[in-house]
Amino acid sequence: MHEMALCEGLVQALEAQAGAAAFSRVHAVELEIGALAAVECEAMRFNFGIVTRGTLAEDARLDIVEVDGRAWCMQCGTTVTLRRFGDPCPHCGSLQLQVLDGKQIRIRQIEVT
Amino acid sequence: MCGICGCGDTGEHHHEHEHDHGHDHGHDHGHAAEHAHAAGLAPARMVRVEQDIMAANQRHADANRTYFAERGIFVVNLVSSPGSGKTSLLVRTVAALKAEMPVAVIEGDQQTEFDAERIRAAGAPAWQINTGKACHLDAHMVGHALEHLPALEGGILFIENVGNLVCPAGFDLGEAHKVVILSVTEGEDKPLKYPHMFHAADLMLVNKIDLLPHVACDMELILAGALRVNPAIGSVAVSAATGEGFGAWLDWLRQGRERARRAQHGAMQARREALRRELASIDATLAG
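From first to last, the protein sequence lines stand for chains A and B.
Just so we're aligned: 61 in the numbering used here is position 51 of the first sequence, and the numbers increase by one with no gaps anywhere.
Just so we're aligned: 288 in the numbering used here is position 264 of the second sequence, and the numbers increase by one with no gaps anywhere.
Quick caveat, the hints were computed from the structure, so don't treat them as lab data.
Take these hints with a grain of salt, some might be off.
Said to hold, decoys possible - Cross-link-like lysine to aspartate or glutamate pairs, in silico, DMTMM-like; alpha carbons within 20 Å at most:
| id | chain 1 | residue 1 | chain 2 | residue 2 |
| --- | --- | --- | --- | --- |
| 1 | B | Lys-217 | A | Asp-97 |
| 2 | B | Lys-157 | B | Glu-177 |
| 3 | B | Lys-157 | A | Glu-50 |
| 4 | B | Lys-217 | A | Glu-50 |
Generate coordinates for the entire structure from the input sequences, incorporating the hints supplied.
Below, the structure is given as structure tokens:
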């Protein structure tokens, strides 16, 4: 649902970069999305195609790299992988998990001319 | 999520799909696309960006948070599905607190002024944001809404988000806490079905408990689900219709307001120090 707003933010970030990095066209965007960000990748692709029309990123390719979230298991006293909220610790099954990261929606790099 | 459709895979399937997508758009823009990728122009290069696309919202949220801190305003962002009773809860809440402290409400809905009118009728200033097509409030909208509200020094600002258990979870508005409201008529599995929101919230209000005799709802299951996605979440059972449970809710708000008032001094000193440094820098420039 809010993927439209996220894609608008993405285009704004690209436009903001264009001057300093001296480019006028974006051909590809590599986006890192944390598994715990409430983002639907298919909706991102769909909205990216729409939102980029008439912008410097029109027809650009969107590469999405999904990365696992990480949490601190208070039971094990160690960092564990977390792919979904509500999942237990993969080692001990505890639900006492403190989320460390995995909510990011980050532009890693872009291909430009 | 991405895990379901497999789009997070970095294998070939992923890339094939990307190309399919590109061709779909190519039909409309084929000619432009050929130009864009034509050889002979400057060669394409990679630029590392490493920027979160929520950064713009975060800047506005940080500015809002500073504004609130310097005025000792306690800010609560109320989130829920539509129909959980957010506005009714706020009407009763502002009526109970308005004699004690400054209170105001920012209302978010796609359309209409209905909610703001209900709050004003309850005796508190309210500003309605109509988001149009958007499914959430963002920090920029809230910053501008502040221009339309009276000074709230040492008081409480309630932000009633758009009724939606998904999108508002991802947008920091500069609030002290997100409070999620779940009514007993919605089903006890909501925290597990919409985990992002229950993870983002610090307090859960279980509303409409006056209806418990009439609906099949296990309060223990609601709390267990919420704690599963957020072991630190607090919980208060209330009825906006009868006022049951409001003592604990109002006390939670009063305590938050006290914390904001106590922190105001530090925020003002930080501001004073920043201004002092800026002034020293200007003096140095003028003297030179």
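We went through each hint and held it up to the structure:
Of the pairs offered as hints, the one joining B:Lys-217 and A:Asp-97 holds, with about 13 Å between alpha carbons and a cut-off of 20 Å not exceeded. For the given pair, B:Lys-157 sits about 33 Å from B:Glu-177 by alpha-carbon distance, which is inconsistent with the 20 Å threshold. Our distance criterion of 20 Å between C-alpha atoms is met by B:Lys-157 and A:Glu-50, whose separation comes to about 18 Å. Proposed proximity of B:Lys-217 and A:Glu-50 is supported: the alpha carbons are some 15 Å apart, at most 20 Å.
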